[in-house]
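*Asks:* For the protein sequence lines, the chains are A and B, in the order given. Counting with numbering that gives the first Met the number 0, you get residues 0 to 247 for the letters of the first sequence. Counting with numbering that gives the first Met the number 0, you get residues 0 to 278 for the letters of the second sequence.
Calculated from the structure, these hints are not laboratory results. Wrong hints could be hidden among the right ones.
[Stated by the list, open to error] To give an idea of the chain B side of the interface with chain A (calculated C-beta under 7 angstroms), a few residues:
no. : residue
1   : F165
2   : A168
3   : G170
4   : M212
5   : L214
[As the list claims (entries may be wrong)] Restricting the straight-line Cα-Cα distance to at most 27 angstroms, the calculated cross-link-like pairs of lysine-lysine (DSS-like) are:
no. : chain 1 : residue 1 : chain 2 : residue 2
6   : A       : K198      : A       : K46
7   : B       : K217      : A       : K81
8   : A       : K46       : B       : K217
9   : A       : K107      : B       : K216
10  : A       : K110      : B       : K172
[Said to hold, decoys possible] To be clear about the criterion: a stretch of chain A counts as covered by chain B if any three or more of its residues have a C-beta under 8 angstroms from a C-beta of chain B, and this derived list gives those stretches:
no. : region
11  : 19-28
12  : 192-202
Glycine included, C-beta positions come from ideal geometry on N, C-alpha and C.
Below, each chain spelled out in residue letters.
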Amino acid sequence: MALITCEDASFAYEGITAVSGLNLEVRGGEYLCIVGENGSGKSTLIKGLLGLKKPQSGSVLLGDGLKTNEIGYLPQQTAAQKDFPASAYEVALSGRLSACGLRPFYSKADKAATDENLARLGVKDLRGRCYRELSGGQQQRVLLARALGATRKMLLLDEPVAGLDPVATQDLYRAIEKINRETGITILMVSHDIRSAVKYASHILHLKNTPLFFGKTADYVKSGAGTGFLGEFAASGNRPPQGGGRHD
Amino acid sequence: MIDLLTEMFSYAFLVRAVVVGSLVSLCAALLGVSLVLKRYSMIGDGLSHVGFGTLAIATALNAASLTVSIPVVLAAAFLLLRLSENSKIKGDAAIALISTGSLAIGVVVISLTTGMNTDVCNYLFGSILAMSHADVRLSITLAVIVLTLFALFYHKIFAVTFDETFARATGAKTGLYNMLIAFLTAITIVLGMKMMGALLISSLLIFPALTSMRLCKKFKTVTVCSAFVSLVCFFIGVVASYLYATPTGASVVIVNIAAFLLFWTAKLRGIIRKRRVSS
Numbered sequence: 000m001a002l003i004t005c006e007d008a009s010f011a012y013e014g015i016t017a018v019s020g021l022n023l024e025v026r027g028g029e030y031l032c033i034v035g036e037n038g039s040g041k042s043t044l045i046k047g048l049l050g051l052k053k054p055q056s057g058s059v060l061l062g063d064g065l066k067t068n069e070i071g072y073l074p075q076q077t078a079a080q081k082d083f084p085a086s087a088y089e090v091a092l093s094g095r096l097s098a099c100g101l102r103p104f105y106s107k108a109d110k111a112a113t114d115e116n117l118a119r120l121g122v123k124d125l126r127g128r129c130y131r132e133l134s135g136g137q138q139q140r141v142l143l144a145r146a147l148g149a150t151r152k153m154l155l156l157d158e159p160v161a162g163l164d165p166v167a168t169q170d171l172y173r174a175i176e177k178i179n180r181e182t183g184i185t186i187l188m189v190s191h192d193i194r195s196a197v198k199y200a201s202h203i204l205h206l207k208n209t210p211l212f213f214g215k216t217a218d219y220v221k222s223g224a225g226t227g228f229l230g231e232f233a234a235s236g237n238r239p240p241q242g243g244g245r246h247d
Numbered sequence: 000m001i002d003l004l005t006e007m008f009s010y011a012f013l014v015r016a017v018v019v020g021s022l023v024s025l026c027a028a029l030l031g032v033s034l035v036l037k038r039y040s041m042i043g044d045g046l047s048h049v050g051f052g053t054l055a056i057a058t059a060l061n062a063a064s065l066t067v068s069i070p071v072v073l074a075a076a077f078l079l080l081r082l083s084e085n086s087k088i089k090g091d092a093a094i095a096l097i098s099t100g101s102l103a104i105g106v107v108v109i110s111l112t113t114g115m116n117t118d119v120c121n122y123l124f125g126s127i128l129a130m131s132h133a134d135v136r137l138s139i140t141l142a143v144i145v146l147t148l149f150a151l152f153y154h155k156i157f158a159v160t161f162d163e164t165f166a167r168a169t170g171a172k173t174g175l176y177n178m179l180i181a182f183l184t185a186i187t188i189v190l191g192m193k194m195m196g197a198l199l200i201s202s203l204l205i206f207p208a209l210t211s212m213r214l215c216k217k218f219k220t221v222t223v224c225s226a227f228v229s230l231v232c233f234f235i236g237v238v239a240s241y242l243y244a245t246p247t248g249a250s251v252v253i254v255n256i257a258a259f260l261l262f263w264t265a266k267l268r269g270i271i272r273k274r275r276v277s278s
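Build the full structure now, drawing on both the sequences and the hints.
*Replies:* Right under this line is the structure:
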């Protein structure tokens, strides 16, 4: 059974339908990239998948024993976080909050898991450093370690490379791919960066308020939606637009 | 120095003031870290003005001021959070509305009952003589509750302070924890208000947190340092106010300003030294 199944789902943002007619199936171990322009409903869809927003119509079903609070989420950074006095370890440990349940304090297992996740992302030696003094790429790795702490099955990443320089961007993509390959954790990534999406993802969902394409990456590249979107970037010769239309 | 302290503590009212004041400083410093980082600083200020209004009304009705104030300020905290989360009137405007509104109501109530006299001054700027025996008992009980809840929910408070979206996505009841922070703040403010004054009490929330954030780099050390700074500043402030016969609340705030400047210059010096070493 699939981890996430959307059946003719639609989601609204402030009363206006942002995503409609969505049929989607995500299975264990897949790497799905959700691409689309600003205002195409990507952020609203994320809230829907996380269970923070109920579908306006249709349904979102979680399967394979996945619960909504077991999706490891990597949100876009807020301005307040950029100067937050916390160590990298404290930030990563807070990913174990849902595993902690009603217990007021973290257990040894929580702490061990956090160290393991930091090590997996190659930032274990930064554990005692202040979060606000880390580089953008290091901060994202710490947040990714936190997201890993909250899940065993699925990571949902919202524009993980926004604001990173090209080298840090590629490093982070490789780290995400490694997690997907080595642990079999399903990746759902929202991205503007269509080229990297095509390069790394196994499946693509191209959204423009309704799905223009959903399927394997190899088919996407040949499809009308894919060649159109990819062609636009090739023609303009520019990097894809950065940073989403953030709405909380 | 020891003579001075024995002399001070031979006055029962001063002992009461120091006990309650230390507990309030401790609670305020711990909660303040979260409030400052969540950009909720003004909520504390707004609540203290509501406290002024309720204090005036309680005195007019001849009721026990703390017992009347606490539920009203709790209700105001609930309202302010709701308003700042999902309303057409945005958070800061809502706070300004509620705080000036209750200030006006308080002043009118006082002038209608006892007339504009020293009472107003005491409410606004605090009085060291304000703590009765009943107040002390209630304050100690409530302060212990605030400290216990803070310790039990420390990790949850960190999570909603650092990243509310993530916490909510992983199933934390963020609304509940925000409410908890606001309620604990409301109780702390009411407890400290009579001594520190309605206009000055929110400084106890904000100053120690900002001071320790100059130097500390971990959430835990910021919290511990903030509690420590707050206690030390309070104590020095009380002693100074006794020595120079200055108002207690204002003296404590001035010591807090000094501590902030001290930490700030220490940080600047640290940065300059680092640059020298690297260049």
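*Asks:* Take the hints in turn and mark each one as holding or not.
*Replies:* Hints, one by one, checked against the model:
1. F165: With Cβ-Cβ at 6 angstroms, under 7 angstroms, it holds.
2. A168: holds (4 angstroms)
3. G170: holds (3 angstroms)
4. M212: holds (5 angstroms)
5. L214: violated (9 angstroms)
6. A:K198 / A:K46: holds (26 angstroms)
7. B:K217 / A:K81: holds (14 angstroms)
8. A:K46 / B:K217: With a Cα-Cα distance of about 30 angstroms, the restraint between K46 of chain A and K217 of chain B is violated, given a limit of 27 angstroms.
9. A:K107 / B:K216: Holds, at roughly 24 angstroms.
10. A:K110 / B:K172: holds (22 angstroms)
11. 19-28: violated (count 0)
12. 192-202: violated (count 0)
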